[in-house]
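J.: Listed below, chain by chain, are the residues.
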Amino acid sequence: MSATLEKGLNAFREVMDAPIASFFSSCVHCGMCADACLFYTETGDPKYTPIHKLEPLRRVWQQEYTLPGRLGRLLGLSRPVSDDELKDWSELVYDSCTLCGRCSMVCPVGNDITYMVRKMREGMSAAGHAPEGVIGATKRTIELGSPMGVKLPALQAQIRGQEAETGLTIPIDVQGADYMALLSSMEIINFPEYLGALARIFQQAGVSWTLSSEAFEATNSGIQIGASDIAREIVARIVTAAEKLQVKNVISPECGHAFTALRWEGPNLIGRPYKFQVVHILELLDELRRSGRLKTSGKEDAALTFHDPCQIVRRGGVVAQPRALLGEVARDFREMPDHGVMNWCCGGGGGVSANERAEHLRLTSFKRKKAQLDALGVETMVTACANCRIVLEEGLEHYNMNVKVVGLTELVAEHLMEQEGGK
Amino acid sequence: MSAMELLLWARGPGLAIAAAVFLFGMTLRLIEIYSLGRKRDLAVPRSQTPGSGWRTIFSRSLPHADTWRRSTLTIVAGFVFHIGLFVVLLFLLPHIELIRALTGLSWPALPTPLVDLATVITLIALVVILVSRLLDPVKRFLSGFGDYLAWTVTFLPLLTGYMAYHHLLLDYTLLLALHILSAELLLVVFPFTKLTHTFTLFIARWYNGDIAARKGVAS
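In order, the protein sequence lines correspond to chains U and R. Under the numbering used here, the first residue of the first sequence carries the number 4, and numbering increases by one thereafter. Under the numbering used here, the first residue of the second sequence carries the number 17, and numbering increases by one thereafter.
Simulated from the structure, these hints should not be mistaken for lab results. Heads up, some of the hints might be wrong.
Claimed, not checked - DSS-like cross-link-like pairs, simulated, lysine-lysine; straight-line CA separation at most 30 Å:
id	chain 1	residue 1	chain 2	residue 2
1	U	Lys278	R	Lys55
2	U	Lys278	U	Lys302
3	R	Lys55	U	Lys10
4	U	Lys142	R	Lys55
5	U	Lys90	R	Lys55
6	U	Lys298	R	Lys55
As the list claims (entries may be wrong) - Part of the chain R face toward chain U, derived, beta carbon under 8 Å:
id	residue
7	Met42
8	Leu58
9	Arg116
10	Asp163
11	Leu165
12	Thr212
13	Asn224
Owing to the predicted nature of the structure, the values given are computational and were not obtained by experimental measurement. Backbone N, C-alpha and C define an ideal beta-carbon position, used for all residues, glycine too.
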């Protein structure tokens, strides 16, 4: 795939739609999106103002989709978007945006800035200005099946480990199961306990489930880099596997972008609705809780808080479920300031954590999360995204903070009511 | 050309030209936006959410608590300026009479001293907004010619209107002519600057609300 400026500009034209035109028409340069963005609030550098990150896309819109712009071009008065300009913008579009969506909640004229950054990345990657780290992750997903290069034998080894740990069988390739579970590479490598937790919870709740040996990786760096063709291929693997096994539901794991990719972008990428439903693991757990199939006992005594993963909460609509689940297993649950749909990002979403070049900026902007935690003074932070979890752990270590990060599904599993068959 | 001739031109051909440019320009802008269309969303929405776009059109006027804290000046100055501008524009008796002459619609005016006070407050708010644009690092960074042009053409009708009413500095007839001309300048510039947000923000908010609500989030 040879990337050129022309391909990049064509991708800009491809994504241009009525929402984007209405957003650019409405911006009054009030600067309020800057105050909503942790890359601005923690650096104070105006170049990180969210709407500014879209300047090349805006210039293409202005020059090609408005009458004054077209006249200006005709008369040679406007400066076309150049390759150097896109190169300069790579840092702004990839390193300083996690697609967290907070600016889209704040903009007084209603601009969904995140929607536009996601679309702009299509042009940036087509023009060859996506960062190396994210390109690498995407290549590995296409060639090896996962962004971290995790292959089936690695998963099988973790399955064996978790089976030994829990004394339960972890089903794989079961035809006609109700639920097909997916994992993120992060979970397979760093947090295999998630898999054991699923096995124990589903055993108690009597959920028929399976993994697929053909599609177990849920993350989709195609949507992070902004390459719809690649994103489509990654989603299609899951769709093919799920429809082959004829499962009724696919469970998106504790991973934010996996949920966005599969739940919201996937059908649009493959051009049709699925023959199954996509649920986030927290949605399923809360559903099991409400129907009385998931029973817990005992509660954590230590004060704890919940870090809302952006793609699951603000951009995914799973807001109440984690709180309901925490209510079952925690005695002293405390909300951070700005929790829920206005929570601050961990700083590593949207491909930023895979982008080595962004590391310094990411750790700097972690000061926002640090301030939220300092205000609360708790020592346990629960979350529901493996990527958030890694990024949070790195940030906490960097700032020498004594806070433990826990996955919500595992926390629920730890409090399962004892049953025969379980450990 | 005498002041009276200028006034007559402003009230006759000037107004017709400005109104024509404004109407043509804004219609074009709306066509430019809507003709781009958008792809149908094939993802199953979390719930059917009729009216979510409309709700965001209203709800977006109320900032979140954290936004209030961080952008206090922008929000307060913005509210004061916009409310003041609409009070002056829509509730000064001569303005209502003009609207009645053009459209046949009319409504009760506010007492002139009250509108006069609103004008002063609005002018002050606009000055605060300009100073903030010049001093605030983010706003200064974002601002270009269009931002200062939009500010100027908004400020001038208020200033000349205030001066005409109080017979300040210049001859009343001339001030009235300048007031009408400045409003016409505003109309002409309107469709080609960020002033379009007056109309397009409703479209933007609607899309934002619709996109978020499909995912189950009130935005």
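J.: For the pair we were handed, Lys55 (chain R) and Lys10 (chain U), check the Cα-Cα distance against 30 Å.
T.: Judged against 30 Å, a Cα distance of about 21 Å means the pair holds.
J.: For a C-alpha distance cap of 30 Å, please report whether Lys278 (chain U) and Lys55 (chain R) respect it.
T.: Satisfied, since the Cα-Cα distance of roughly 21 Å is no more than 30 Å.
J.: Please work out if Lys142 (chain U) and Lys55 (chain R) have their alpha carbons no farther apart than 30 Å.
T.: holds, 28 Å
J.: For the restraint on Arg116 (chain R), tell me whether the closest CB of chain U is nearer than 8 Å.
T.: violated, 31 Å
J.: If you take the shortest Cβ to Cβ gap from Met42 (chain R) to chain U, is it below 8 Å?
T.: Violated: closest Cβ of chain U sits about 11 Å from Met42 (chain R), beyond 8 Å.
J.: Given the hint that Lys298 (chain U) pairs with Lys55 (chain R), does the C-alpha gap stay at or below 30 Å?
T.: violated, 43 Å
J.: Take a quick look at whether Lys90 (chain U) and Lys55 (chain R) sit within 30 Å of each other, Cα to Cα.
T.: Answer holds: Lys90 (chain U) to Lys55 (chain R) is near 29 Å, not above 30 Å.
J.: Tell me if the interface restraint on Thr212 (chain R) is satisfied: Cβ within less than 8 Å of some Cβ in chain U.
T.: holds, 5 Å
J.: Can the hint on Leu58 (chain R) be confirmed by a CB-to-CB distance to chain U that is less than 8 Å?
T.: holds, 4 Å
J.: Checking hints one by one. Is Leu165 (chain R) an interface residue toward chain U, by the C-beta closer than 8 Å rule?
T.: It is violated, given that the least Cβ distance between Leu165 (chain R) and chain U is near 12 Å, above 8 Å.
J.: Just to be careful, I want the Cα atoms of Lys278 (chain U) and Lys302 (chain U) compared with a cutoff of 30 Å; is the pair within it?
T.: Given pair Lys278 (chain U), Lys302 (chain U) is violated - Cα atoms ~39 Å apart, limit 30 Å.
J.: With chain U as the partner, please determine if Asn224 (chain R) meets the hint condition of a C-beta pair closer than 8 Å.
T.: holds, 4 Å
In this structure, the earlier hints numbered 2, 6, 7, 9 and 11 are contradicted, and the remaining ones agree with it.
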